[in-house]
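Protein chains in written order, with the numbering used here: chain L, 1 to 331; chain C, 1 to 316.
Since the hints were derived computationally from the structure, they do not count as laboratory data.
Just so it is clear, CB atoms sit at the ideal spot from N, CA and C, and this is done for glycine as well.
Among the hints, a few may not be true.
As the list claims (entries may be wrong) - Listed below are the simulated SDA-like cross-link pairs for lysine to any residue, each with C-alpha atoms no more than 20 angstroms apart in a straight line:
(1) C:Lys209 to L:Ala49
(2) C:Lys209 to L:Pro45
(3) C:Lys249 to L:Met152
(4) C:Lys185 to L:Asp161
(5) C:Lys145 to C:Gly181
(6) C:Lys249 to L:Val48
(7) C:Lys209 to L:Ala251
(8) C:Lys185 to L:Pro40
(9) C:Lys209 to L:Pro159
(10) C:Lys249 to L:Asp161
(11) C:Lys209 to L:Ala147
(12) C:Lys185 to L:Leu301
(13) C:Lys67 to L:Ala49
(14) C:Lys249 to L:Pro159
(15) C:Lys50 to L:Asp154
(16) C:Lys209 to L:Met299
(17) C:Lys209 to L:Met152
(18) C:Lys67 to L:Ala147
(19) C:Lys209 to L:Asp41
(20) C:Lys209 to L:Asp161
(21) C:Lys50 to L:Phe151
(22) C:Lys209 to L:Gly143
(23) C:Lys209 to L:Glu307
(24) C:Lys240 to C:Asp214
(25) C:Lys209 to L:Ile305
(26) C:Lys209 to L:Met91
(27) C:Lys185 to L:Glu307
(28) C:Lys209 to L:Val36
(29) C:Lys209 to L:Pro40
Said to hold, decoys possible - Computed footprint of chain L on chain C; a stretch qualifies when at least three of its residues, placed anywhere within it, have a C-beta under 8 angstroms from a C-beta of chain L:
(30) 36-45
(31) 112-126
(32) 301-313
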Amino acid sequence: MTDIAALPQREPFTQRINWVDIGPFIALAVLIIAGVIINPDFLSPTNVANVVTRSAFIAIIAVGATFVISSGGLDLSVGSMAAFVTGIMIMFMNAMVPSMGANAIIAGMALVLCVGALCGLFNGLIVTVGKIEPFIVTLGTMGIFRALITFMSDGGNIPIDRSLREPFRPVYYGNFIGIPIPIIVSIVVALIGAFILYKTKFGRRCAAVGANEDVARFSGISVGRIRTMAFVIQGICVAIAAICYVPRLGAATPTTGLLWELQVITAVVIGGTALRGGKGRIWGTIAGAVILEMIANLMVLSNFISEYLVAAVQGVIIIIAMLVQRFSKQP
Amino acid sequence: MLKRNLLAAAALATILVAAPALAQEKKTIAVSIPAATHGWTGGVVYHAQKAAEEINAAFPNIEVTVKTSPSAAAQVSALEDLTASGSLSALVILPFSSDELTGPVQSVSDAGTFITVVDRGLTDPEIQDLYVAGDNIAVGSTTAKFLVDNLGGKGDVVVLRGIPTVIDDERIQGFQEGLEGSDIKILDIQYANWNSDEAFSLMQDYLAKYPHIDAVWANDDDMLLGVLEAIEQSGRTEIKYALGGNGMKEIIEKVMAGDAMTPIETPYPPSMIKTAIYMTAAQFNGQAPVRGSVKLDAPLITKDNAEEYYFPDSPF
Numbered sequence: 001m002t003d004i005a006a007l008p009q010r011e012p013f014t015q016r017i018n019w020v021d022i023g024p025f026i027a028l029a030v031l032i033i034a035g036v037i038i039n040p041d042f043l044s045p046t047n048v049a050n051v052v053t054r055s056a057f058i059a060i061i062a063v064g065a066t067f068v069i070s071s072g073g074l075d076l077s078v079g080s081m082a083a084f085v086t087g088i089m090i091m092f093m094n095a096m097v098p099s100m101g102a103n104a105i106i107a108g109m110a111l112v113l114c115v116g117a118l119c120g121l122f123n124g125l126i127v128t129v130g131k132i133e134p135f136i137v138t139l140g141t142m143g144i145f146r147a148l149i150t151f152m153s154d155g156g157n158i159p160i161d162r163s164l165r166e167p168f169r170p171v172y173y174g175n176f177i178g179i180p181i182p183i184i185v186s187i188v189v190a191l192i193g194a195f196i197l198y199k200t201k202f203g204r205r206c207a208a209v210g211a212n213e214d215v216a217r218f219s220g221i222s223v224g225r226i227r228t229m230a231f232v233i234q235g236i237c238v239a240i241a242a243i244c245y246v247p248r249l250g251a252a253t254p255t256t257g258l259l260w261e262l263q264v265i266t267a268v269v270i271g272g273t274a275l276r277g278g279k280g281r282i283w284g285t286i287a288g289a290v291i292l293e294m295i296a297n298l299m300v301l302s303n304f305i306s307e308y309l310v311a312a313v314q315g316v317i318i319i320i321a322m323l324v325q326r327f328s329k330q331p
Numbered sequence: 001m002l003k004r005n006l007l008a009a010a011a012l013a014t015i016l017v018a019a020p021a022l023a024q025e026k027k028t029i030a031v032s033i034p035a036a037t038h039g040w041t042g043g044v045v046y047h048a049q050k051a052a053e054e055i056n057a058a059f060p061n062i063e064v065t066v067k068t069s070p071s072a073a074a075q076v077s078a079l080e081d082l083t084a085s086g087s088l089s090a091l092v093i094l095p096f097s098s099d100e101l102t103g104p105v106q107s108v109s110d111a112g113t114f115i116t117v118v119d120r121g122l123t124d125p126e127i128q129d130l131y132v133a134g135d136n137i138a139v140g141s142t143t144a145k146f147l148v149d150n151l152g153g154k155g156d157v158v159v160l161r162g163i164p165t166v167i168d169d170e171r172i173q174g175f176q177e178g179l180e181g182s183d184i185k186i187l188d189i190q191y192a193n194w195n196s197d198e199a200f201s202l203m204q205d206y207l208a209k210y211p212h213i214d215a216v217w218a219n220d221d222d223m224l225l226g227v228l229e230a231i232e233q234s235g236r237t238e239i240k241y242a243l244g245g246n247g248m249k250e251i252i253e254k255v256m257a258g259d260a261m262t263p264i265e266t267p268y269p270p271s272m273i274k275t276a277i278y279m280t281a282a283q284f285n286g287q288a289p290v291r292g293s294v295k296l297d298a299p300l301i302t303k304d305n306a307e308e309y310y311f312p313d314s315p316f
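Bound-form chain L, shown alone:
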């Protein structure tokens, strides 16, 4: 027994590093170096703050997606859900302004968290109780949420009440000891997510359910309950992202959150979480979200890429980032 415990200390340093865990960060570092070479302004404090702040929505939602994906599910509805809960939140706050004034923002935040959790619960229950593939369920709810926001806005936009504009603005544009608020929010969300996923019974069961459903069931884990909870966490994360999103442009439109689901899934996978379930990697997910936003930023800052080819170059970089990880797995 003592022999086994002593073993890791004798291993060389390189083998003690978990390469899958740090893979996304290597990719991020490579990207930053490439960025500085392409345009020295890339590392200017303003640009870094802008890019990381912008990645916050995807990062926060992707923390939730890490739970869903590691438990063997998939949620395609997050982008539409973000638009839908944003719309609900703004309409509720606008209705509350006459009676509550600026406190309507607090009420709106509380409401949107409940609505987000309910949307997640709705997805989760159809998947687990209805026993339907999550891909199909969330493809359906994706259409439902998108149609609802279009209906609520008559195809136009739902702007926030003018009197709430200024008091709410700091939630996106403000900062605390120099760090933009959305970045702080995403770090807090990631810390809580990491604690739940790595340190609690629920988190370990999430991974167990995703790794092998049958084994998990035979071990006495309630697979349905774990999966449903993962969708609820996803819904809450979408609501938190919505809270940071509303003060940015102050409106919800039918194009809000368009294609976010694909960015979220890409961020999770770049982060090292397997799409087929099993182990989730929260910090890798955060790195994945920053990588995606950084690539988009570099496309604009560089001068040599035709505007028509931007999407192609982005695709190539994402694939290379995945390959870097794949090969760094076997040092």
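Starting from the structure of chain L, add chain C where the hints point.
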């Protein structure tokens, strides 16, 4: 052979009997448009419904019905439903896509229905009796001329373009042509997909990349909203103009208020559907022949004429 002749005779008799009766009946004008999925189509739906209400109230002999469709396939089915009753006098259509709708509209036309096409043309222009559209090239060139005049013929501008389509290409083409001969330089043109969030990100990146920008042109007002937020956040003061296009009411409000950064607007108004419906109604009510093509211009909207393009109740 005899049987067929008999049938034809019977059919002819029916038409002859029916024709005088039809003359006294209501003329039906069907309006087929895309469902609202973003601001501009939301405006189209609003103006189509307004036009229907107004015409139905004003002319008792004309009945306008509006049908929205969420996709090209749905629009084709909607056309079949509309023509199934067989008493359609006119069809006003804003086609989802030119290719897919040309055949179905052709068959409606073959049944003797008056065809009005709006905005997106069909692949065969022979089908339409009336064509009403805006001028996307003018949207670009009107804006460009304003910048040439007001920047004193020189300066650095950045441009945000929409989704790769003919509409987007024409606006950019008009803008570039409008700048020709001046010393205004386009520093950069990138796609932001007519999306205010993507425009916000792109504008932040432009601001990081270029230390000096004189003016910004977003070729659609949704994008302009994102651009204005990014400029405000950056605290940069050298940017003299941030202009859009389309005629969104939030932007028209800025123009009416005499905003320094957005003092003008160029329209590609969703109200063109209303123009088309009214013209089609004229064909049937006042016997005012309207066959032909109408290109609505994109004049400069300033503080003085902004009222004309302001629809406070419209979603757009």
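Cross-check of the supplied hints:
no.: 1; hint: C:Lys209 to L:Ala49; in the structure: holds, 14 angstroms
no.: 2; hint: C:Lys209 to L:Pro45; in the structure: holds, 13 angstroms
no.: 3; hint: C:Lys249 to L:Met152; in the structure: holds, 18 angstroms
no.: 4; hint: C:Lys185 to L:Asp161; in the structure: violated, 39 angstroms
no.: 5; hint: C:Lys145 to C:Gly181; in the structure: holds, 11 angstroms
no.: 6; hint: C:Lys249 to L:Val48; in the structure: violated, 34 angstroms
no.: 7; hint: C:Lys209 to L:Ala251; in the structure: violated, 27 angstroms
no.: 8; hint: C:Lys185 to L:Pro40; in the structure: violated, 23 angstroms
no.: 9; hint: C:Lys209 to L:Pro159; in the structure: violated, 30 angstroms
no.: 10; hint: C:Lys249 to L:Asp161; in the structure: holds, 16 angstroms
no.: 11; hint: C:Lys209 to L:Ala147; in the structure: violated, 37 angstroms
no.: 12; hint: C:Lys185 to L:Leu301; in the structure: holds, 18 angstroms
no.: 13; hint: C:Lys67 to L:Ala49; in the structure: violated, 47 angstroms
no.: 14; hint: C:Lys249 to L:Pro159; in the structure: holds, 12 angstroms
no.: 15; hint: C:Lys50 to L:Asp154; in the structure: holds, 14 angstroms
no.: 16; hint: C:Lys209 to L:Met299; in the structure: holds, 11 angstroms
no.: 17; hint: C:Lys209 to L:Met152; in the structure: violated, 38 angstroms
no.: 18; hint: C:Lys67 to L:Ala147; in the structure: holds, 17 angstroms
no.: 19; hint: C:Lys209 to L:Asp41; in the structure: holds, 7 angstroms
no.: 20; hint: C:Lys209 to L:Asp161; in the structure: violated, 33 angstroms
no.: 21; hint: C:Lys50 to L:Phe151; in the structure: holds, 18 angstroms
no.: 22; hint: C:Lys209 to L:Gly143; in the structure: violated, 37 angstroms
no.: 23; hint: C:Lys209 to L:Glu307; in the structure: holds, 15 angstroms
no.: 24; hint: C:Lys240 to C:Asp214; in the structure: holds, 6 angstroms
no.: 25; hint: C:Lys209 to L:Ile305; in the structure: holds, 14 angstroms
no.: 26; hint: C:Lys209 to L:Met91; in the structure: violated, 37 angstroms
no.: 27; hint: C:Lys185 to L:Glu307; in the structure: holds, 17 angstroms
no.: 28; hint: C:Lys209 to L:Val36; in the structure: holds, 13 angstroms
no.: 29; hint: C:Lys209 to L:Pro40; in the structure: holds, 10 angstroms
no.: 30; hint: 36-45; in the structure: holds (count 8)
no.: 31; hint: 112-126; in the structure: violated (count 0)
no.: 32; hint: 301-313; in the structure: violated (count 0)
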